[in-house]
Amino acid sequence: MSRLNNKLSGTDNVNDYAISATQLTRNFSNLTAVSALDLQVEKQTIYGFLGPNGSGKTTAIRLLTGLLKPSSGEVNILGCNLPKEAQNLRMKIGYMTQKFSLYDDLTVKENLQFVSKIYGLTPNEQKARLSELLSVHQLTQQSNQFADSMSGGQKQRLALAASVIHKPKLLFLDEPTSAVDPQNRREFWEQLFDLCDQGTTILVSTHYMDEAERCHKLAILENGIKRADDTPQNLMDNMAAQIVEIGAKDLRHIKDQLIQLPQVVSAAQLGTHLRVLVNKAEDDPVALLQQQPCLHTSDKLALVRPSLEDVFVSCTNQKITDDSSTTSQGGIG
Amino acid sequence: MKTSLLRIQSIVIKELLQLKRDKMTFGMVIMIPLVQLLLFAFAINTNIRDIPVGVLDHSQTSLSRILQQTVSATGIVKFTHSYTSIEEAQIAIDSNKVRAVFIIPQDVSQRLVRSSSVGLGLPASSKQETSRPVAQWLVDGSDTMIASTIKSLRNMPLTELLDKPANRNTATFETTLLYNPEQRSVVNIVPGLVAVILTMTMIMFTSAAIVREQERGNMEMLITTPLAPLELMIGKIVPYIFIGAIQVAIILGLGYWVFNVPFNGGLTQLAIATFLFICASLVLGLVISTIAKSQLQSMQMTVFVLLPSILLSGFMFPYEGMPLAAQYIAEALPATHFIRLIRGVVLRDVAVVDMSFDMLWLITFTCFGLLVAALRFKKSLD
Ligand SMILES: Nc1ncnc2c1ncn2[C@@H]1O[C@H](COP(=O)(O)OP(=O)(O)OP(=O)(O)O)[C@@H](O)[C@H]1O
Ligand SMILES: [Mg+2]
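Chains A and B, in that order, give the protein sequences. Position one of the first sequence corresponds to residue 51 (this note's numbering), numbered consecutively onward. Position one of the second sequence corresponds to residue 150 (this note's numbering), numbered consecutively onward.
The set of hints was computed from the structure by calculation and includes no laboratory data. A quick note: this is a predicted structure, and the numbers were derived from the prediction, not measured. Do not take every clue at face value.
Listed next, the in silico DMTMM-like pairs over lysine to aspartate or glutamate satisfying Cα-Cα at most 25 Å (straight line) [claimed, not checked]:
1) Lys159(A) x Asp531(B)
2) Lys159(A) x Glu364(B)
3) Lys442(B) x Asp154(A)
4) Lys227(B) x Asp289(B)
5) Lys149(A) x Asp171(B)
6) Lys149(A) x Glu362(B)
7) Lys442(B) x Glu124(A)
8) Lys149(A) x Asp531(B)
9) Lys527(B) x Glu124(A)
10) Lys159(A) x Glu362(B)
11) Lys142(A) x Asp531(B)
12) Lys134(A) x Asp292(B)
13) Lys177(A) x Glu380(B)
14) Lys527(B) x Asp349(A)
15) Lys205(A) x Asp289(B)
16) Lys527(B) x Asp279(A)
17) Lys93(A) x Glu332(A)
18) Lys169(B) x Glu160(A)
19) Lys119(A) x Asp292(B)
If the Cβ cut is set under 7 Å, some of the chain A residues that face chain B in the computed set are [as the list claims (entries may be wrong)]:
20) Thr115
21) Leu132
22) Arg140
23) Met141
24) Tyr145
25) Lys149
26) Ser151
27) Asp155
28) Lys159
29) Phe164
30) Lys167
31) Gly170
32) Leu184
33) Gln188
What the simulated footprint calls covered on chain B by chain A, stretch by stretch (three residues with Cβ under 8 Å from a Cβ of chain A suffice, anywhere in the stretch; the number is not a length) [to be verified]:
34) 154 to 166
35) 374 to 382
Just so you know, even glycine gets a beta-carbon here, dropped at the ideal spot from N, CA and C.
One chain only, chain A, in its complex shape (with noise of 0.2 Å):
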């Protein structure tokens, strides 16, 4: 955090972003993919866009990107606006989709070289830079065979090999490691911190609570509209709700009883414990859950530190089941 503290001092001048974007908006008939949208990224973090299913992350990142022309708002990329500048952006981002968007009927290296001519290299170049991105990136076995025959994680690796072929300033992931292991992603994130490290500003899209842990800074997104935008902990610091552990039997019973008083924002099973987000207005949340008939005297109750996932929750309003496997990833942190 101490770096991020260095980076976060001295930013008044709007050239000091990688991204600003006002009140971006973008209807799809009548829909609001992304609804008055304010952004400030900083240079050289790691900024995170935190939502659920169809909250719009997508369809930010195809604004930011110039792919999709915005309904109203503005958005300027390093110094340049979008969309008139967008020509002179296109050597300084790099964009790796959500979709696997390179050719299934190509080879590692084929796909690669393609890339690297779009993105004029020279031949000399080209070599030092293949062989260097397939070696980090641990594609050096798999560099002839073809994209299409390799593992959900592998693609994802060399999407990511191919946006940063050019050594783009400013680089947008869409949800790059939805199909990588946590060992991998360990890695991938490792890849990330590097290249920050090297002057890269980096904003990612994710459903995972580690990884957005990770993030210098973070927007919560919820139906186009975003609910918070702040570091991790701050996020976590700042929350509008508390938690309260419950340990006792009969959780689901408790649970479904619980959730109904107004105070309750939410309530999850995490193993044999019951997480019970309680309004911030609330004075003495456990006495509060003591009193209910529906928990024993020898249930123990405690108020615990709020996890990322909380934030997201108690921010998205959204009730995690609790087999959901997306967002339990480190919840517990």
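We have chain A; now place chain B with the ligands onto it with these hints.
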């Protein structure tokens, strides 16, 4: 400029690699011209022969049998059935057993001696009552081609029949058939087929090749790169120019060696005409790709262009015989102009510049189409 060429080159290489691996498309490149050539050259024949016909002989004399043999000897019809009543004959025509019935009347010998067709009779106009037709054809007239072929028998000379010296009748007009004296339809069909096949494959391949990038999501990546729309389009077109050239070589080569279609023109002229047409077709494919949302749609739109290109371009039916509205449509199609050019080059050895209208029209079409495609091509996902 240099990076621009590099980008075009990268698209071309990628396209060739994909084409090489797409066995189906690659096979189509070769098979479409082969199969079409064989189909059209063998199946489409305007010189109709051996039409199955029946005979209803009321006369039953040796003369009537000789008459039947004389008609049969022309090779146009083949007598397959014989009937005893007109009703029977009618049923046979209705059920498509025979296309026509030859009805020989009882008094055929009397009619024959007075007939002008044996060269003895007086002109029919002056002695109508004495000169009557020798026999009658009852024809299923629904197929105009068959009907007119049988109608051509109407005035066949019957001089050999009565062993009389041939009538030294001189024709009113002398006609000299240039370029295709034997009147083989394949001579006209093969060059025209080049236009039809190129229309089909060139439009289909390019439109599908670009729509495919959209369908598979590659476009989302390409748009954020420095690749310009025009570079993408040119890169996509170039490989297909070569493929078009291969197809032309297959069609004309087979036409020359297998079907004996004369090749009178120069190769350079052929190359110029073909290049102009390939470009026009590819550009049309590009325009389609900016409208179609899926490969299926691009396929349907190709068929939409292909059908008039087959029917109105002069490939199957002469341009002159079409109503004015159809002629206007035909003029708009690149295939019409190319068919004129390639028939001119291959059969009559003209230079492309001598047919400047068709040449200029193809060039104009290409430039205009490229402009439309580049304007319509959106460098965004909306
Ligand atoms: N081209 C489009 N036309 C119409 N609606 C669209 C279009 N693209 C996106 N939407 C709608 O906009 C909303 C936001 O979609 P978006 O793809 O941005 O979500 P997301 O946050 O990326 O979701 P996910 O996590 O599933 O990728 C969705 O309701 C979607 O249906
Ligand atoms: Mg998305």
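Cross-check of the supplied hints:
1. Lys159(A) x Asp531(B): With a Cα-Cα distance of about 31 Å, the restraint between Lys159(A) and Asp531(B) is violated, given a limit of 25 Å.
2. Lys159(A) x Glu364(B): 23 Å, holds
3. Lys442(B) x Asp154(A): This hinted pair holds, its Cα atoms lying about 20 Å apart.
4. Lys227(B) x Asp289(B): 15 Å, holds
5. Lys149(A) x Asp171(B): 22 Å, holds
6. Lys149(A) x Glu362(B): 13 Å, holds
7. Lys442(B) x Glu124(A): 29 Å, violated
8. Lys149(A) x Asp531(B): Holds, at about 17 Å.
9. Lys527(B) x Glu124(A): OK: Lys527(B) and Glu124(A) at ~20 Å, within 25 Å.
10. Lys159(A) x Glu362(B): Holds: Lys159(A) and Glu362(B) sit about 19 Å apart, inside 25 Å.
11. Lys142(A) x Asp531(B): 23 Å, holds
12. Lys134(A) x Asp292(B): 63 Å, violated
13. Lys177(A) x Glu380(B): Between Lys177(A) and Glu380(B) the Cα gap is close to 24 Å, so the pair holds against 25 Å.
14. Lys527(B) x Asp349(A): 63 Å, violated
15. Lys205(A) x Asp289(B): 67 Å, violated
16. Lys527(B) x Asp279(A): Measuring from Cα to Cα gives roughly 34 Å; hence the hint is violated.
17. Lys93(A) x Glu332(A): Measuring from Cα to Cα gives roughly 39 Å; hence the hint is violated.
18. Lys169(B) x Glu160(A): Satisfied, since the Cα-Cα distance of roughly 14 Å is no more than 25 Å.
19. Lys119(A) x Asp292(B): 59 Å, violated
20. Thr115: 5 Å, holds
21. Leu132: 10 Å, violated
22. Arg140: Check passed: Cβ of Arg140(A) comes within 4 Å of chain B, closer than 7 Å.
23. Met141: 6 Å, holds
24. Tyr145: Since the shortest Cβ distance to chain B is 4 Å, the answer is holds.
25. Lys149: Lys149(A) check passes; min Cβ-Cβ to chain B is 5 Å, inside 7 Å.
26. Ser151: 4 Å, holds
27. Asp155: With a minimum Cβ separation of about 5 Å from chain B (threshold 7 Å), the hint on Asp155(A) holds.
28. Lys159: At about 11 Å, which exceeds the 7 Å cut-off, the nearest Cβ of chain B leaves the hint on Lys159(A) violated.
29. Phe164: Status holds, d = 5 Å.
30. Lys167: 3 Å, holds
31. Gly170: Where the cut-off is 7 Å and the nearest Cβ of chain B is about 4 Å from Gly170(A), the hint holds.
32. Leu184: 18 Å, violated
33. Gln188: 22 Å, violated
34. 154 to 166: holds (count 7)
35. 374 to 382: holds (count 3)
This entry does not satisfy hints 1, 7, 12, 14, 15, 16, 17, 19, 21, 28, 32 and 33, going by the numbered hints stated previously.
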